[in-house]
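> Let the hints inform the model, and build the full structure from the sequences given.
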Amino acid sequence: MPGPSSTSSRSTSTLSTSLRTHTCGELREEHVGQTVTLCGWVAKYRDHGGVVFIDLRDRYGLTQLVFDPDAGEKLSGDGLNAATHELARGLRGEDVVKVTGTVHARGEGLVNPKLSTGAIEMRASGLTVLNKAVTPPFEPGADQLPGEELRLKYRYLDLRRPALQKIMELRHRLSKVTRDYFDEHGFLEVETPILGRSTPEGARDYLVPSRVHPGEFYALPQSPQLYKQILMVGGTDRYFQIARCFRDEDLRSDRQPEFSQIDIEMSFVGREDVLNAIDGLIAAFSTELLGKEISLPLPRLTHAEALDRFGSDKPDTRFGLELKDISDVAAACEFGVFNKTTASGGKVRGLCAPDAAAKYSRKDLDGLTAFVGEWGARGLAWFRVIEEDGAVKLQAPTAKFFTAEQQTQIIERLSAKPGDLLLFVADKPSVVNAALANLRNRLGKELELYDPAELAALWVLEFPLVTRNEEENRWEAEHHPFCAVHPDDEEKLKSDPGAVRAESYDLVCNGYEAASGSVRIHDPGVQQAVFDLIGMDAEEAERRFGFLLDALKYGAPPHAGIALGLDRWVMILAQLDNIRDVIAFPKTQKAADLMTGAPGEVDGKQLEELHIRTVAPPK
RNA sequence: GGGGCCGUAGCUCAAUUGGUUAGAGUACCGGACUGUCGAUCCGGGGGUUGCGGGUUCAAGUCCCGUCGGCCUCGCCA
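Mapping of the first sequence onto the working numbering: residues -4 to 614, in sequence order.
Honestly, the hints are just simulated from the structure, not real lab data. The hints are all genuine.
Below, in silico cross-link-like pairs of lysine-lysine (BS3-like), each with a Cα-Cα straight-line distance of 27 Å or less:
{"hint": "1", "residue 1": "423", "residue 2": "342"}
{"hint": "2", "residue 1": "395", "residue 2": "358"}
{"hint": "3", "residue 1": "319", "residue 2": "423"}
{"hint": "4", "residue 1": "440", "residue 2": "309"}
{"hint": "5", "residue 1": "440", "residue 2": "287"}
{"hint": "6", "residue 1": "109", "residue 2": "39"}
{"hint": "7", "residue 1": "319", "residue 2": "388"}
{"hint": "8", "residue 1": "489", "residue 2": "548"}
{"hint": "9", "residue 1": "335", "residue 2": "395"}
{"hint": "10", "residue 1": "582", "residue 2": "171"}
Computed spacing ranges between beta-carbons, pair by pair:
{"hint": "11", "residue 1": "396", "residue 2": "299", "range": "28 to 34 Å"}
{"hint": "12", "residue 1": "595", "residue 2": "267", "range": "47 to 53 Å"}
{"hint": "13", "residue 1": "107", "residue 2": "144", "range": "31 to 37 Å"}
{"hint": "14", "residue 1": "290", "residue 2": "612", "range": "52 to 58 Å"}
{"hint": "15", "residue 1": "113", "residue 2": "595", "range": "44 to 50 Å"}
Please read all numbers here as calculations on a predicted model, not as lab measurements. We treat Cβ as the ideally placed atom computed from N, Cα and C, and that holds for glycine.
In structure tokens form, the structure reads like this:
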């Protein structure tokens, strides 16, 4: 875990308790000669028949304890009686003990450079077993991790692993940096309700039945969106909250049913004010948590440019490998797949994998073809760039369909050199982008085109206000219905809705959507126009969001906000690709807690009180 | 809702085309050993091969179903 400072390097004097004088990560040569008491878990025992070594572990580190049966004779003051020695011989992994002894410098050649406490050891004289452990299903200290199912069931054992403890510490410190930062900038942390009202659109709600209102339900918040806007109407001016959010949708490696947002809203601001505020927060994350300066302002891309260059609205910009369009060349060539696609309005785009021609066999390329198939691409055209008789040309079974001039055009368009591998997808633009964006991420990783420790954060601006739902034949809000319209595009609301840009912004980092927000509508006329566009009549809007619309009539300041995914930020900063590892008690892909068994059945009486009757699902 | 991978000792894994008594490391138990830090050495116990069904002379292995975990498409304003 990176970081300029951590708890273990701070003064730990305050960690002394009535049971211990120091922690297991604390003792150094300067403590030699002192009598100390440590508490912790037995990480390892090495019994030599006579002398017994115990590695004692707590959150702060590992200290070697020595139980020497001859100590009483050899070293005055370190007396170890036979009963204590025998007790030490019976210690096993994960026993919780309290040990008193004297700090000794380790002898010549006995220093363990792998331990921060490796220059010393404690010669134990007293031992109390505070809690004898049964044999654990896995060892928190083992190199090899057990399956995740087991780790989740015995989460308390998993949490003892130093790696997980470091992540919990990082998460704590990220929260602390966040609170300090917003406090310094005049923000108030305000709590909003967990039991709220269901406001359709968006994700599926988690519902809570009401006992006193038969047949009615609260909904857990998908985000505090409406409350924070109302706080602005309420004159809070600057609000933030580390808010728990709930969404009953299918999970992914970066999605949990309950997660935390760093939620922000500001009054009397425009887009730049929010972006500047968050730039500062990200810089604080980098300096305080990684010990690395980051240059501000963060880079910005428009949504259109992000799609054009990376095929994605959340590009990983730690590496290049940008997408290039060769539709014009494809239209003119003799390769049927290419010219038919362009003739029917499709695009041909591709990327140049540097020095990769020799790294991917035919079988590997078949694998890449299958990979892009996951996003609907029906094929992947590939060419190796070679130099032959002084000419740089394409080599592939399909190369014969391209004239020498076309080959040169393609090579120049992708800035390719001999040894590079060119990969193209021909399809409708959405498929081309999805396939190539995912291929780009895969190649970036496989070809090690970036430093995994780098933090590449950028803003993606000017998302479309609405997207077309082809199935239901209507426009849908891309962000949410309260998102302001780009000032230059207001007149297009009726004439060309798909081209209307929103006053919205996403913060993308290392390929993850790490924050999302917008300037809000505070003009009732524009709000009505947006509702009209997404097919929501006044009555329906009133029923769903009436309380917000009412609030906006009573003096609403121009306001804007954003929310950062706290779990995702911890994941990114810790260089992990799994959100469960940054949550103390995460849920499985089926939203179950393997430790507690949640969700579980309840008493019939509880259901009765809640006026609930369950129906078994059809087979 | 769809697709894919996985499930064998407490744990991590192995087991030829379907073929004898399902093995190894580690953990655990017993013994030996006075400076280890992956301690070492000797010995031992430990299995409903997730569960149910089917094919077969014979199933850990093949087929169907089911449960669980992971990845993913849809979904996630």
